[in-house]
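Asker: Using the hints, position chain B against chain A.
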Amino acid sequence: MRKVAEMDFKVLIDNYSAAVLNTAVRILRDTQKAQDVHQEVFLEIWRRRDKYNGQTNWGAYLYRVTVRKSIELAKRPRMAALTEQQQDYAGTNERPDGALRAAELQQRIVESLAGLPERQTDVFVLSRIEGLKAEKIAQILGCSQETVRVHLHRALKRLGRELGDYLGKD
Amino acid sequence: MNTHEQINEMLVDYVLGELSHQQLSEVETHLAECGQCRGEVKRLEALLESTEQMRELSADEQMCESAKKALFETIVTEQQKEPTRRAKVALESIWRTIMKSRIAKLLAAAAVIVAAVLIGISVFNFNGIPAWADIAKAFNEVEDLHMHMIQSWPENNKIQHYLLWQRAVKGRLETYHYIDGVREDEETVVDNGIERLTLDLAMKKAQLSMSSLPDYSELDWWFHFVQFGETGGYEIIPLRSESSREVAVYKIDRVGDAKVLDGKLWVDTKTMLPQRFSYSRIKQHLPDNVYPVVTFTFEISYSYDPIPDEFFSTEIPEGFTELPRLEPFSLSGTVIDENGYAVEGAIVYGACLSIGSKGELQTSVTGANGDFVLRAVDETFSKRLPGFLKAFKPDDPTRVAWTLFEEPKAKEFRSDFGGEIPGDPGELKFVPAYLHLQGGIIWRSADGIILQMEPAAKVTGTVIDDQGDPLPDVNVGLGFVLTGEDGRELVAKEGDESFYMSLYMCLYRNLKLCGPQIRTDDEGRYVMANLPRLWKNCYHGPYFEKKGYVFVSSDKLKADGPLEDQIVNVQMRKEIEKDVTISGQGY
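Protein sequence lines correspond, in order, to chains A and B. Quick note on the working numbering: the first sequence kicks off at 1 and runs consecutively. Quick note on the working numbering: the second sequence kicks off at 1 and runs consecutively.
Don't take each hint at face value.
Label-pair restraints from in silico Cβ distances [unchecked claim]:
1. B/T363 x A/A103: 54 to 64 Å
2. B/P306 x A/G115: 38 to 48 Å
3. B/E9 x A/D14: 43 to 53 Å
4. A/E135 x B/A133: 37 to 47 Å
5. A/G115 x B/P308: 41 to 51 Å
6. B/D305 x A/Q139: 48 to 58 Å
7. B/G17 x A/E111: 23 to 33 Å
8. A/Q139 x B/H4: 33 to 43 Å
Sample of chain B residues lacking proximity to chain A, with all beta carbon distances greater than 10 Å (derived) [stated by the list, open to error]:
9. G17
10. Q23
11. S25
12. L164
13. E310
14. T314
15. T321
16. P324
17. P328
18. P397
19. P455
20. T460
21. P470
22. G524
None of these hints come from the bench; they were simulated from the model. Positions of the beta carbon are idealized from the N, C-alpha and C atoms, including for glycine.
One chain only, chain B, in its complex shape:
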């Protein structure tokens, strides 16, 4: 009789059906009593079955024909191989554009780098397309990176150049350059991780501020999905027929979202680094809004050559006027009572459109002369308008001092609230900032803000569940909704300046007027005091949130005329109701 080891060695032949009669019966006898060998037989059979399934696949005629065709095409191309002229032409045209610029000197150096990037694309042999993860890895290990993006609007023959240099070692350095042949809005930003220099090239003005480098992951203007291999939401398909031994080509698309791409990325198969990325944005959808359909095309070229240190110098160039240094974001002013006397010990609260919880500003308490300074919780987040500021004494729910910071354009767009906004920021002294071309949307530092106390409203109530029991720990808030004359919420319509404005309407809606977090107590009661009694063309939108619960109903907040003290009781119910028990009626 064979031992277990000997039988075990025969198992492969057993499953292959290559045993003699004698051997077969020996193995079967052993299998009947050995679980380990039975397990192995089962696995081997599964293995054979699986490979047999693989055998069923075969190439059909069409596949053969297409493979042969692709092969011959490649061979023909290879035979005709000669240097392409394309790169040279593109380079010359970029060179011309660059030399026209008034900062030709800086850009001349840039052009040398650009030159290295514009490599002609050939369609030779395919020799394996790099995996996306490898590209992301290689890209993340790059120290010096230069990107040149050309954005064009084919319809009206307009072109803009964006140039970005960054170094990922010493903090991060970033130069942002913008040329627009029509508006001459040229801006350069250099941030070396210690300080930031902003140059307005048209006005020849320079301003220093503290560094505010974005997180690596926030650099989405250059399509960080390429950078980080974040493929979520994007469809990335290797284009084998267009790829060659040297260059792999990928199709990149994002359909059905804000960005509609028709993108192509060229990657050097040796270095695994992107060389070129081209795409178009066909249209842009925003909530409640249709932005006019515009086609942009973008062409980005990448270079990884070492960048000269002087590119990251924050020294102010000759011929530029230096503006006062931009200090960290702050809002400062004084709180006064209705008679004009300083209010000591008032809490000052500020909110702007939240980007997560960062939208709130630090809360401050006024000193003996009513002064306050509010700072950002996080200096680097973008503080968007509109912003809301209010001051109140914790022991006096009947008074509030407040103001609203708005984008000038938005002021025109929204209806009149029925009077001036107290402490109208129009009168405020804004600290100038040349930073950010999209600066309109940024809440800049301001000082000299006067917040004067006026009568306030108070909304109180109780939140109960569907059983009538009080609900503690409900998050209570009050938003601010703009309405038209008809009392309906304002929604931007197609054809408005709506891309911009509908965004604004959303921003107002999310402004928290109630102040710092308010929750119901053990008896389900809440108090939102010190509320501004806003006028017409708007209403307060209270909200009630508790995890696992949904809003059922509430008393209506009176909406005609200034907000009065009132009671708003609320009912909520559990979100998911399983195992509903219905008690019997009992005869």
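This is chain A alone, in the form it adopts within the complex:
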């Protein structure tokens, strides 16, 4: 068994910080929350540093953990700290502008993702939000490309159905 030494840990962070933050910020659309996810992900590795062996595929592992944690955080009831602008909108019947509607739709997508089977979520995020090719996704998730395709297919179908009202609005 080889422990993750402090030096390795630093290398790990240097190599993957940006990727973790990118994934988190895309899902959460909030830099502070993304940093929180970043912190959680790496701190957990640090705390369990004596549990990893040298075989870990860090890239794949970090992708999956980051997606999971980001969606978990997005799912939590929203804090009172809405921005002033959002509060203003909340108080009026006026239709929010396009940017806000897009943000709302994105929030809905992420919330719906939380309800999908984990694999479908992973594939959807890696494919649609991260823009990875099926081959790379298959590698990360340790499955065949065909499986990736099936999961993506199902995820899209289901999200399309669940978000019908939001997606269909003009």
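Answerer: Showing chain B alone in chain A's frame:
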């Protein structure tokens, strides 16, 4: 040819652009005739477009650096993790303060509870900050709650402790304790939902009264926004960098209002319950007034341990003298005519500063010997001074008997009205109450009030709209405005005892002298009779209200000398005028 179901299964590949040429044309043919599939394609495209937008976001270098820095700081702190000494020091100092108190016994028990609250704050890992609604929910489900607030004035090194115990099951129980090292004004209130015991600890006096527990939502002295998650007007921001796995920290602020906070709340992430709340009040603004800038700091600690039942006992402790039991609020007395004979069948009306409609007292009618008893419409509302009391016979608009209840300090502050106020409450027998340290402002029960009839004034008139048509159903009233010698309305200025007094000026202004609700009739006419003919340094301020209408103009009420019978005609107009039609002149 594929069926609808088969085509439908291909739609995802269609929007992903992964169909063969052959498949593509099949799908397109189908789409041309199937609205359902067209709808689905539209939704899938919207979904893909939206997620593509999400892809455009990425972390910049600065964000990476700050995230890494935060992470390493946390790790370093975690490595240095050791028990903090802070809690112990704070506890010792509180313990010393408590033991100095003369009711050390009671507080010694309290200190045990306090001890459980003062948990050292560490800055370890952040593991998710609870949502505000969850905190409010957890807080509302608490049965026993103890709060200890330490208020201090750093400028003059003064400290006050407030302790509150409450239980939210059997009615609500509340103990309010106050220690002020300078004034020795110590008061404890225990209310068990059946009766209330008030102890004056300095004078060793005890008084029982009926229970008057506030509504849960009225407990704002301990900042109910924390309690109820009412975030309106407050800005609540999680401080992630200061939060840890165990404790979430929030910044709480309210800017630009009466309270200027610089608050921080510590919440246990396991129980979702507040542990500690600290804030300062930097200054206080009141209407027409600037209160001297004072900085207070407050430190509240919370505990949720079961409270011993004896904390809520209303038994009078040894060594205390019991005062006569405080009965429900009432004002009683006699109405007499100008010759001193009892007046039967007079309506007695009382008003004090309204807290909504609760400010009015029940109306009473005198019996054969002129006696009356007025009670509060709602026993629990705080009856603030000044108060106004008048009696009149409905069939005699020329006479009124009245008096004014005022705070002694306010009497000094306002100008002389030009004579004694009839039935001066200074002569009245007030029922003593040790309750409420802010008692000066409360209208206490009084008996032996003599209201003597004297000549009254009458104000009548007609209210018309801008077309000259009479306006029925206009709410008419008469307020009472204090003025200086120059006849101008009194407004407290900076540097007066003004926080207090400007409040008073507002209170007078809102006293309704006219009596129960008066409205215009179908011809727009109103009568306000039995009005006190007040003297100088004040004037009557009539008001006219009707929903959807605004006041335009009225005759002036004569203001020099005692109020005489007079006519005040009024014009109002519709508030919003859309579609104004101008009729042609016609050549």
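Asker: Say whether it holds or is violated: B/P470 keeps its Cβ farther than 10 Å from all Cβ of chain A.
Answerer: Fine: 38 Å to the nearest Cβ keeps B/P470 off the interface.
Asker: Measuring Cβ to Cβ, find out whether B/P455 lies farther than 10 Å from everything in chain A.
Answerer: holds, 54 Å
Asker: Take a quick look at B/G17 and tell me if its Cβ sits farther than 10 Å from every Cβ on chain A, holds or violated.
Answerer: Fine: 13 Å to the nearest Cβ keeps B/G17 off the interface.
Asker: In terms of Cβ atoms, is chain A entirely out of 10 Å range of B/T314?
Answerer: holds, 39 Å
Asker: With respect to the beta-carbon atoms only, verify the hint that A/G115 and B/P308 lie 41 to 51 Å apart.
Answerer: At 48 Å between Cβs, range holds.
Asker: Should the label of B/P328 as a non-interface residue stand, given a Cβ cut-off of 10 Å to chain A?
Answerer: Holds: least Cβ distance 41 Å, greater than 10 Å.
Asker: Quick check: does the Cβ-Cβ distance between B/E9 and A/D14 fall within 43 to 53 Å?
Answerer: Once the Cβ atoms are compared, 45 Å apart, the range 43 to 53 Å for A/D14 and B/E9 holds.
Asker: Since B/T321 was said not to touch the interface, does its Cβ keep a gap of more than 10 Å from each Cβ of chain A?
Answerer: holds, 49 Å
Asker: Can we confirm that no CB of chain A comes within 10 Å of the CB of B/E310?
Answerer: holds, 38 Å
Asker: Beyond 10 Å on every Cβ pair: is that true for B/P324 relative to chain A?
Answerer: At about 49 Å from chain A, B/P324 clears the 10 Å cut-off, so the statement holds.
Asker: The output says B/P397 does not contact chain A. Does that hold with a beta carbon cutoff of 10 Å?
Answerer: Label holds. Min Cβ-Cβ 49 Å, cutoff 10 Å.
Asker: Indicate whether the distance between the beta carbons of B/G17 and A/E111 respects the range 23 to 33 Å.
Answerer: holds, 27 Å
Violated hints for the displayed structure: none, as all numbered hints are satisfied.
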